[in-house]
Amino acid sequence: MLRKTLLGMGLLFFIMALLLRPAFAQDAYLVGCSMAVTGPGAEIYGPVKDALDIYFKEVNARGGINGHPVKLIIEDNAAQPSKAAADAKKLVTQDKVLLLINASLSSTYAPMVQVAQQFKVPIFFAGGVCPDEVYPPKTDPYQYCSTAFGAKYDSRFALSFIKEEAKGPVKLGLVAMNIPISRGEIDFAEELSKTMGIEAVDKEVTPPPTPDYTPFAAKIKSAGANWAYAWAPWGCEVRVFEALRKLGWEGKYLAYAHINAEDELRRLKDDGFYVFGTNAFFADNSEIHKKIKAASEREKSIFPYTQLAEGWIAATVLEEILKKTPWPPDPEKVRSAMNQLKVDIKGLKGGPLAWTMDNHYRTATYYRVYKWDSKKNGIVIVKDWTRLEVK
Amino acid sequence: MQLIMNTVVLASLYCLICCGYVLIYRASRVLNLAHGELMTIGGYFLFTVTINLFAGPIPSFLLACIFSLTLGFIIYFFLMRFMTGESVFAAVLVTVALGILLRGLMTSIWTSQLWHPLQHLGMENSSHRLMEEAVISTFGIIKILGAAFLYLVLFFCLKFTRWGLRMRAVGENPLLASRRGIKLHKYYAFSWGIAAFSGGFAGMIQACDSGLDPGMFVIGLKAFPVVLVGGLDSLVGVIPGAFIVALAEILAINYISPQASESAPFIVLLAMLLIRPWGLFGTKEELERV
Numbered sequence: 008m009l010r011k012t013l014l015g016m017g018l019l020f021f022i023m024a025l026l027l028r029p030a031f032a033q034d035a036y037l038v039g040c041s042m043a044v045t046g047p048g049a050e051i052y053g054p055v056k057d058a059l060d061i062y063f064k065e066v067n068a069r070g071g072i073n074g075h076p077v078k079l080i081i082e083d084n085a086a087q088p089s090k091a092a093a094d095a096k097k098l099v100t101q102d103k104v105l106l107l108i109n110a111s112l113s114s115t116y117a118p119m120v121q122v123a124q125q126f127k128v129p130i131f132f133a134g135g136v137c138p139d140e141v142y143p144p145k146t147d148p149y150q151y152c153s154t155a156f157g158a159k160y161d162s163r164f165a166l167s168f169i170k171e172e173a174k175g176p177v178k179l180g181l182v183a184m185n186i187p188i189s190r191g192e193i194d195f196a197e198e199l200s201k202t203m204g205i206e207a208v209d210k211e212v213t214p215p216p217t218p219d220y221t222p223f224a225a226k227i228k229s230a231g232a233n234w235a236y237a238w239a240p241w242g243c244e245v246r247v248f249e250a251l252r253k254l255g256w257e258g259k260y261l262a263y264a265h266i267n268a269e270d271e272l273r274r275l276k277d278d279g280f281y282v283f284g285t286n287a288f289f290a291d292n293s294e295i296h297k298k299i300k301a302a303s304e305r306e307k308s309i310f311p312y313t314q315l316a317e318g319w320i321a322a323t324v325l326e327e328i329l330k331k332t333p334w335p336p337d338p339e340k341v342r343s344a345m346n347q348l349k350v351d352i353k354g355l356k357g358g359p360l361a362w363t364m365d366n367h368y369r370t371a372t373y374y375r376v377y378k379w380d381s382k383k384n385g386i387v388i389v390k391d392w393t394r395l396e397v398k
Numbered sequence: 006m007q008l009i010m011n012t013v014v015l016a017s018l019y020c021l022i023c024c025g026y027v028l029i030y031r032a033s034r035v036l037n038l039a040h041g042e043l044m045t046i047g048g049y050f051l052f053t054v055t056i057n058l059f060a061g062p063i064p065s066f067l068l069a070c071i072f073s074l075t076l077g078f079i080i081y082f083f084l085m086r087f088m089t090g091e092s093v094f095a096a097v098l099v100t101v102a103l104g105i106l107l108r109g110l111m112t113s114i115w116t117s118q119l120w121h122p123l124q125h126l127g128m129e130n131s132s133h134r135l136m137e138e139a140v141i142s143t144f145g146i147i148k149i150l151g152a153a154f155l156y157l158v159l160f161f162c163l164k165f166t167r168w169g170l171r172m173r174a175v176g177e178n179p180l181l182a183s184r185r186g187i188k189l190h191k192y193y194a195f196s197w198g199i200a201a202f203s204g205g206f207a208g209m210i211q212a213c214d215s216g217l218d219p220g221m222f223v224i225g226l227k228a229f230p231v232v233l234v235g236g237l238d239s240l241v242g243v244i245p246g247a248f249i250v251a252l253a254e255i256l257a258i259n260y261i262s263p264q265a266s267e268s269a270p271f272i273v274l275l276a277m278l279l280i281r282p283w284g285l286f287g288t289k290e291e292l293e294r295v
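As given, the protein sequences belong to chains A and B, one line each in that order.
In this note's numbering, each residue carries its 1-based index in the first sequence increased by 7.
In this note's numbering, each residue carries its 1-based index in the second sequence increased by 5.
It should be emphasised that the hints constitute simulated quantities derived from the structure, not laboratory data.
These figures come from a predicted structure and were not determined experimentally.
Heads up, the beta-carbon is just placed ideally off N, CA and C, and yes, glycines get one too.
Please note that the accuracy of each hint is not assured.
[Unchecked claim] With a straight-line Cα cutoff of 20 Å, these simulated SDA-like cross-link-like pairs (lysine to any residue) come out:
id	chain 1	residue 1	chain 2	residue 2
1	A	LYS297	A	LYS145
2	A	LYS145	A	PRO336
3	A	LYS340	A	GLU65
4	A	LYS90	B	SER132
5	A	LYS226	B	GLY127
6	A	LYS159	A	GLN124
7	A	LYS226	B	VAL13
8	A	LYS226	B	GLY109
9	A	LYS178	B	GLY109
10	A	LYS276	B	GLY127
11	A	LYS276	B	VAL13
12	A	LYS276	B	ALA102
[To be verified] A few chain A residues that don't get close to chain B, going by computed Cβ distances all over 10 Å:
id	residue
13	LYS178
14	THR217
15	VAL245
16	LEU254
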């Protein structure tokens, strides 16, 4: 009898726990995140999660946004599409989030976008490659992106920089990883090089991962390349470069600056290794960089503070979105706020990030080039902010 | 010449990795699908020892190798020992689960960042010109010498020492071996220990050569066709298997397309399975279908 009573009470409490929501969650801006905290790409998306956590912990400590706290519900999709789909369903239908955030590989996009479109909840890509649907003119009404790198715009800038910096004939080696986004960008760069009078002498598409990058590097070297351009995950970019140097190649190498680029420039200390990107390095030592560094140390981030810029930018954008979303919020109000957004990224980028109804990437993007300077024993800016209109 | 050099270096890495697959299968007829993770964790042991204990390469490598060896013993005594006598399929599934567990532990402890143990070891991975058109890195040389040394030691021990003889007996006929007083668990544990050591050593060298991240375990899986080409229970077969697969990859990169190098090992494997399913030097027997 006692056993039955206890069982019955236990069941009752369990049902109550399921039905009753904590008051905090009802009073808060609910944002659902499905991220690759583990699995492939976790080295890129893990820091984004950390930065979001740290940023909104501080926002909530200051009283939240419009007097309401922000609650991030973070799920780990381990870069698996099936998990991302399940996360998105759960976040939208059970947790009733206002906005979905995806920080994961592009293979997780389709299932999450499908859920977002079905339930009319906007989805914000933060840290992962921006899908085609965020670029003008045919913008998907539910997809938005703040990630630094942008297909085609990056290569346009990169090749024009190489041509300007080379001051002579360029024999270009191209480096990609065998994933659609990287292959597509390097194929685009190859076509673009022909219109710019740059001779593309070799193109290497490396499998992910590869036990030895030397054979690929050997081909670039034997093709006579004096410059190489890489647009791929960082591991591929830097390993091909190191393999080239081990073979005695003395050319110059330009790679897209992923979040670990700054630390790697310090490790490699090679004057011929250039990185370009749209986020400012911590070597600039601006106020915002000092703030991020202090916050990272205070909250004991498991990632180096130099890798938190991308996530901090996403968090800054998210804060601005929620500030412009009147209470009580709903996904449609959030989307309306996102369609007329202009965010001052406070020195982390070359200019503000602005979204419109027809442009969910940004109206202009700004690039900078850094490299190691052995004479100054530090990282230097080779080319300061260059603005490219996004049309 | 550079093509030959690249093939030799890649084949040496595959030899180091595949030694572990063969030792475990030969001793206990278990296919260890967590070997890639054992390889990666060896790299993380080296990294941890280097930043926390010793900065010098020799003590760091020695201690990390001891950790890898010990891990192999621990895995056997606390997990695989209970699978002795169970079906092969069940044992393989346990190794798959072990691999998932190890991957999760690696990410939890060391995060998913790209680490560079070489930075902390006080060594450089400089390049050396051996012949006119052939350049090799320091860790490329270490891969070749390490593989050669490991195989020589293993061949000698398995052929001429008492424990090597007993280990072979256990692999060929465990029932008879146990009736002759040979302790099966002891020799199975040895095989796991040495396999973890060889895989871990491969991981350490690869980490110094190309950096360290949790995704490195895939290289262990990529090396698997070598084992099947050479013969799953043949240590001798690993050497020609490694050279054939490495050569196929390098030739694919140079003469077909870089992307073809991903499928080249599996094309070689398919061809071998059609012609000689037990491999070049494997034992011709009824192969259990897993």
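Legend entry - Hinted pair A:LYS297 and A:LYS145, Cα distance within 20 Å: violated, 39 Å
Legend entry - Holds or violated: A:LYS159 to A:GLN124, with C-alpha atoms at most 20 Å apart: Given that 20 Å is the threshold and the Cα spacing comes to 26 Å, the pair is violated.
Legend entry - Given as non-interface: A:VAL245, which should sit over 10 Å from chain B by C-beta: Answer for A:VAL245: violated, closest chain B Cβ roughly 8 Å.
Inset, instruction - Would you check the hint for A:LYS90 and B:SER132, treating anything up to 20 Å between C-alpha atoms as holding? - result: violated, 44 Å
Legend entry - Distance restraint between A:LYS276 and B:ALA102, which requires alpha-carbon spacing of 20 Å or less: Distance ~41 Å between A:LYS276 and B:ALA102 Cα, so the pair is violated.
Inset, instruction - Decide if the proposed pair is consistent with the structure: A:LYS226 and B:VAL13, CA atoms, cutoff 20 Å inclusive. - result: With a Cα-Cα distance of about 17 Å, the restraint between A:LYS226 and B:VAL13 holds, given a limit of 20 Å.
Inset, instruction - For the pair we were handed, A:LYS276 and B:VAL13, check the Cα-Cα distance against 20 Å. - result: violated, 30 Å
Inset, instruction - Take the C-alpha atoms of A:LYS340 and A:GLU65, compute the straight-line distance between them, and say whether it is at most 20 Å. - result: Violated, because 24 Å separates the two Cα atoms, which is more than 20 Å.
Legend entry - Cβ separation check - A:LYS178 to all of chain B, threshold 10 Å: With a cut-off of 10 Å, A:LYS178 remains clear of chain B, as the shortest Cβ separation is near 18 Å.
Legend entry - 20 Å limit on alpha-carbon distance, applied to hinted pair A:LYS178 and B:GLY109: violated, 44 Å
Legend entry - Agreement of A:LYS276 and B:GLY127 with the hint, judged by alpha carbon distance not exceeding 20 Å: holds, 15 Å
Inset, instruction - Run the C-beta distances from A:LEU254 to all of chain B and say if the shortest one exceeds 10 Å. - result: Non-interface label on A:LEU254 violated, nearest chain B Cβ at 5 Å vs cutoff 10 Å.
When each numbered hint is compared with the structure, violations occur for hints 1, 2, 3, 4, 5, 6, 8, 9, 11, 12, 14, 15 and 16.
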